[in-house]
Amino acid sequence: MPRVIVDVMPKPEILDPQGKAVHGALPRLGFSGVTDVRQGKRFELEVADTSDETLAEVEMIAETLLSNPVIEDFAVRVDS
Amino acid sequence: MRIGIVTFPGSLDDTDAQRAVRLAGGEAVALWHGDHDLLGVDAVILPGGFSYGDYLRCGAIARFAPVMTEVIAAAEGGMPVLGICNGFQILCESHLLPGALIRNDHRTFVCRDQVLKVENASTAWTSAFTDGQEITIPLKNGEGGFVADTETLDRLEGEGQVVFRYLGDNPNGSLRDIAGITNEHGNVVGLMPHPEHAVEDLCGPGTDGLGFFTSAVQALASA
Chain A
12 MPRVIVDVMP
22 KPEILDPQGK
32 AVHGALPRLG
42 FSGVTDVRQG
52 KRFELEVADT
62 SDETLAEVEM
72 IAETLLSNPV
82 IEDFAVRVDS
Chain B
1291 MRIGIVTFPG
1301 SLDDTDAQRA
1311 VRLAGGEAVA
1321 LWHGDHDLLG
1331 VDAVILPGGF
1341 SYGDYLRCGA
1351 IARFAPVMTE
1361 VIAAAEGGMP
1371 VLGICNGFQI
1381 LCESHLLPGA
1391 LIRNDHRTFV
1401 CRDQVLKVEN
1411 ASTAWTSAFT
1421 DGQEITIPLK
1431 NGEGGFVADT
1441 ETLDRLEGEG
1451 QVVFRYLGDN
1461 PNGSLRDIAG
1471 ITNEHGNVVG
1481 LMPHPEHAVE
1491 DLCGPGTDGL
1501 GFFTSAVQAL
1511 ASA
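Heads up: the sequence lines are chains A and B, in that order. Using the working numbering, read the first sequence as starting at 12 and increasing by one per residue. Using the working numbering, read the second sequence as starting at 1291 and increasing by one per residue.
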């Protein structure tokens, strides 16, 4: 079964308290080179095929349910 | 006046909302998330809680519950709809109200008595108040930070759609201290604090919350 990946990330201008918390923990663990962390979600959708029609449907799924366009951006790609 | 209160899997404050409606002189009608039926009610309350475990995003799955098809159509037709806390999140996810609610900026759950300023006393749910009135009702949320783009925020303020603002310290990072908003017709109102927990002197910070429910009962009685 082919797999389609949908990545959902908070929009750049939206505060990401979880990413900030992760970023804040890094120096305490001795990691000093990371200047910022943003936390998002990854969805793995098993699909019958990766035709244009299927991918268009996944786009619609990503836009209506998997992400909230007010606060999040999404990207769809076929898992290789 | 029959006011329906929707119970989703994970709703917590549906029975408190029912009680508040009865104390305000209305008839509380229990509505079920899985039914395509509003049972002929005159208004709807989406209560607080953690519908569907807050999975995906708060309110994101509840927004597609069967009953929401009817709630959205009724709201667009002018029926008074109040969303409290998780109910506010559901109204935003449903696009009945603009903006979204994100995790509190300080990342911790907040639970306290909250002072609010009533900014718009002409909605279906706030007519018992006066513009500028200060009320105190409980606030309890982990994801109560109201956000929207600048253009939307300016429009909300310009059109009088900001209904409540937090007074004192901003409890959750909400932009422009916004605690509650309404749609352009004033029939749909959403807010993070909980009026249904402040309807009797025995418990809670007082009875300031009762005005939400008497407003709706009176508006429906005179309609």
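Hint data in this document are derived by calculation from the structure and do not stem from the laboratory. Any given hint might turn out to be false.
Listing some non-contacts, in silico: residues in chain B with all C-beta distances to chain A over 10 Å [stated by the list, open to error]:
1. Thr-1359
2. Arg-1393
3. Leu-1492
Straight-line distance between alpha carbons at most 30 Å, and here's what the computed DSSO-like set of lysine-lysine pairs gives [what the hints assert, rightly or not]:
4. A:Lys-52 - B:Lys-1407
5. B:Lys-1430 - A:Lys-52
6. A:Lys-52 - A:Lys-22
Just a sample of chain B residues kept apart from chain A, beta carbon distances all over 10 Å, derived [to be verified]:
7. Arg-1292
8. Asp-1325
9. Leu-1346
10. Arg-1397
11. Lys-1407
12. Thr-1426
13. Glu-1447
14. Ala-1513
Each residue gets a CB set at the ideal place from its N, CA and C atoms; glycine is no exception.
Inset, instruction - Check each numbered hint against the structure and report the violated ones by number, ascending. - result: 2, 4, 9, 10
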